[in-house]
Amino acid sequence: MSKAERIKAGLAHRYRAERHFRLYGIGAILLALGFLGVMLTVVIGRGVGVLQQSYIQLTLTVTAEAAETGDWQGLIKTSLREQFPEARKRKDKKQLYGFVSSGAGYALRRQVEQNPDLIGQRRAYWLPVSDDVDMLLKDAIDRSLPESDRRITDQELAWIDTLIESGALELRFNKGFFTSGDSREPELAGILGAAVGSALSLLVCLMLAFPLGVMTAVHLEEFAPKNRWTDLIEVNINNLAAVPSIVFGLLGLAVFLNVFGLPRSAPLVGGMVLALMTLPTIIIASRAALKSVPPSIRQAAMALGASPVQVVLHHILPSAMPGMLTGTIIGMAQALGETAPLLMIGMVAFIVDVPQGILEQATALPVQIFLWADAPERAFGERTAAAILVLLVFLVLMNLTAVILRKRFEQRW
Amino acid sequence: MKRTTFAMALVTAAALSGVGVPGQAEAREQIRIVGSSTVYPFATTVAERFGKSSGFKTPVVESTGSGGGLKLFCAGVGDQHPDITNASRRIKKSEVEKCASNGVTGITEVKIGYDGIVIANSKKAVQFELSLQDIFLALAKNVPAGEGKTQFNPYKTWQDVNATLPATKIEVLGPPPTSGTRDAFVELAMEGGCKQIGWIKAMKKTDKKAYKALCHTIREDGGFIEAGENDNLIVQKLQANSNALGIFGFSFLDQNADKVQGSKINGVAPEFEAIADGSYPVSRPLFFYVKQAQVGKVPGIQEYLQEFTSDKAWGEEGYLADKGLIPMPKQERAQFRKGAEELAALNL
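Going line by line, the protein sequences match chains A and B. Under the numbering used here, think of the first position of the first sequence as 1, with each following residue one higher. Under the numbering used here, think of the first position of the second sequence as 1, with each following residue one higher.
What the hints contain is simulated information worked out from the structure, not anything from laboratory work. Don't take every hint at face value.
[To be verified] Restricting the straight-line Cα-Cα distance to at most 20 angstroms, the calculated cross-link-like pairs of lysine-lysine (PhoX-like) are: (1) Lys77/A - Lys312/B; (2) Lys149/B - Lys93/A; (3) Lys259/B - Lys138/A; (4) Lys312/B - Lys91/A; (5) Lys149/B - Lys195/B.
[To be verified] Just so you have them, the derived chain B footprint on chain A, three or more residues with Cβ under 8 angstroms: (6) 254-266; (7) 347-353; (8) 372-385.
Quick reminder that beta carbons are idealized off the backbone N, C-alpha and C, glycines included.
Using the sequences and the hints given, assemble the complete structure.
This is how it looks when you write it as structure tokens:
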């Protein structure tokens, strides 16, 4: 067989190999997309219910006396008794009172405080109900099960159905989830506290890690001589990028809390720990960005008489900035998802108040997910999924910013 | 380009000012609580209600585990250390000594109630009726083989352990060794069944170490599966696999009564009343510990104790019972309420 014939004979095989290779690639992508699709459907399917929350309409008169003594829950109980006079026994009354959330009294107080004219008037108020009733309205409790297996008794079901028929129990938009902090009652728990905590921590992290990272990268790339010391530093930076994040938490506990005496659970310390964690990522990305600026730019600037500082500040940095920012945002997105280092510095905690500054107690989004996932109440399952969605939205926004920055400012040489 | 330089300078300046915030030691305004993840749901409920109704700031409650909490608690006196720690077991002598060596001497112990540990399976399967001895024989690494001798656990199915049990494979999902629930389960259920065997009980006096090794070691050949600290996950896995049993806290059974059922142990089902009166054998007390030196310094500690020990919180009809805490009998409640009011000294 001649050479040409041998090549021809093998051609079919080589074409097939190439087709297969491409198919494997497509297969890998499809598989990944499939997993992503399943995850998103499950999380969205479970979490979307949080957008709505059940409220009960109660007609009552806020007396000046009750407003004075603060017996808001008492007013609500009276109104419930008026509506269902057949509940006389202690046990029945307890079930009846269990309809409304333990936070309903505070909700009533807020409405009256905003509008003091309501005192003395008899009118209808919409108040949050307990998580069990809420779960029933959202079909998360199966009515067809025997009574002993449900968290809602037959008696309660009958009352609830009367309320639904008269239009006094319905699902409405759940504003509270986006405007309040954590709570032990699922129907009152909100994500704002954790979101603000995460935002404050990331702000501190950015303020520290970005300038430090960029300075380090510029010095190592543009000014530092190549010798054993800089090699050592470079190896260390690369190693730091692979250190498990919990180690940074331990460091934070030992140095920031115990030596500097900074407050526990504060976003300031959280941000400092996260900054340590993101620094290597930023430095490595920034160095890559600096390296990709062609030497001709540098030489042209120097040829025109620019000093090394002018070369860096006027030419190299602006060209490398999009790459640096992209690296920074990816590092920050990583930091947003961290819980392990925060555990050590006390940010895995139950905090009701929404933090007002970087020295106040706060928690973070992934921590909130972790804490809710651990709670026994079933209604927290829905909140967990919703919190995951909020975190995903944050991540997508950050990555989108990175993509846009790159697309808009990137220079091709 | 000028603008970029300016922006850089601005960011740097902001960063420097961020570092410059001094670690001022201003007096703390809210109570700090750490400790057990089992007590966490109850402590947070009280903290939230206390914060809403009292005018004091809502206490911050961290979930660190019993051991971790006591470690932080015993690290010293002052605003940077927690005021209260929750525990799902009693404080140990070694921990009291550690506390004392750091200047934490006045500690008040408050028992808050009980937590039942249940062994449950899917509602699709039959309910198990186990004795403590069955549990030990099914889950121990080594089991007795005649008087004074042991062998590797040979039992594959529940029927091998006890002829009245179903012939399904032994598959129990439980918490990892870091969990307080696991400690309590080993101590109450495993050891409880272990010491019913005559010669092992006698061994406790002669060779305590061997006794503990035999009674406390869980099998590692797949019969017992460590399923992580998250009890919700165990409930989900039980639903998916109706042959498996799972070990978790009573409040999770209470919330998932439509999906899982608790096994009877020594003939008693894990129900609220049975755990409260002590007839259900696997239940443990829950505690919190207060640093006396901080009472009066941090505003609201005394009032928080009052809220926690009031009948509307920890009583039979209280809001903690709704969250799954098993209340103590009336007398015991009165005793610990008094102790909390007077800040009684710890008595181990």
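Each hint, compared with the structure:
1. This hinted pair checks out: Lys77/A and Lys312/B have alpha carbons roughly 16 angstroms apart, not beyond 20 angstroms.
2. With a C-alpha separation of about 60 angstroms, the suggested pair Lys149/B and Lys93/A falls outside the 20 angstroms cut-off, and the hint is violated.
3. With a C-alpha separation of about 18 angstroms, the suggested pairing of Lys259/B with Lys138/A holds against the 20 angstroms cut-off.
4. For the proposed pair Lys312/B and Lys91/A, the alpha carbon gap of about 16 angstroms is at most 20 angstroms, so the pair holds.
5. Only pairs whose Cα atoms come within 20 angstroms are accepted, and Lys149/B paired with Lys195/B is accepted, the gap being roughly 15 angstroms.
6. For the stretch 254-266 of chain A, the proposed coverage by chain B is satisfied: 7 residues have a C-beta within less than 8 angstroms of a C-beta in that chain, meeting the threshold of three.
7. Three residues within the 8 angstroms Cβ limit are the bar, and the stretch 347-353 of chain A against chain B gives 6, so the coverage statement holds.
8. By the rule of at least three residues with a Cβ nearer than 8 angstroms to a Cβ of chain B, the coverage given for the stretch 372-385 of chain A holds, with 7 such residues.
Of the hints listed earlier, the one the structure fails to meet is number 2.
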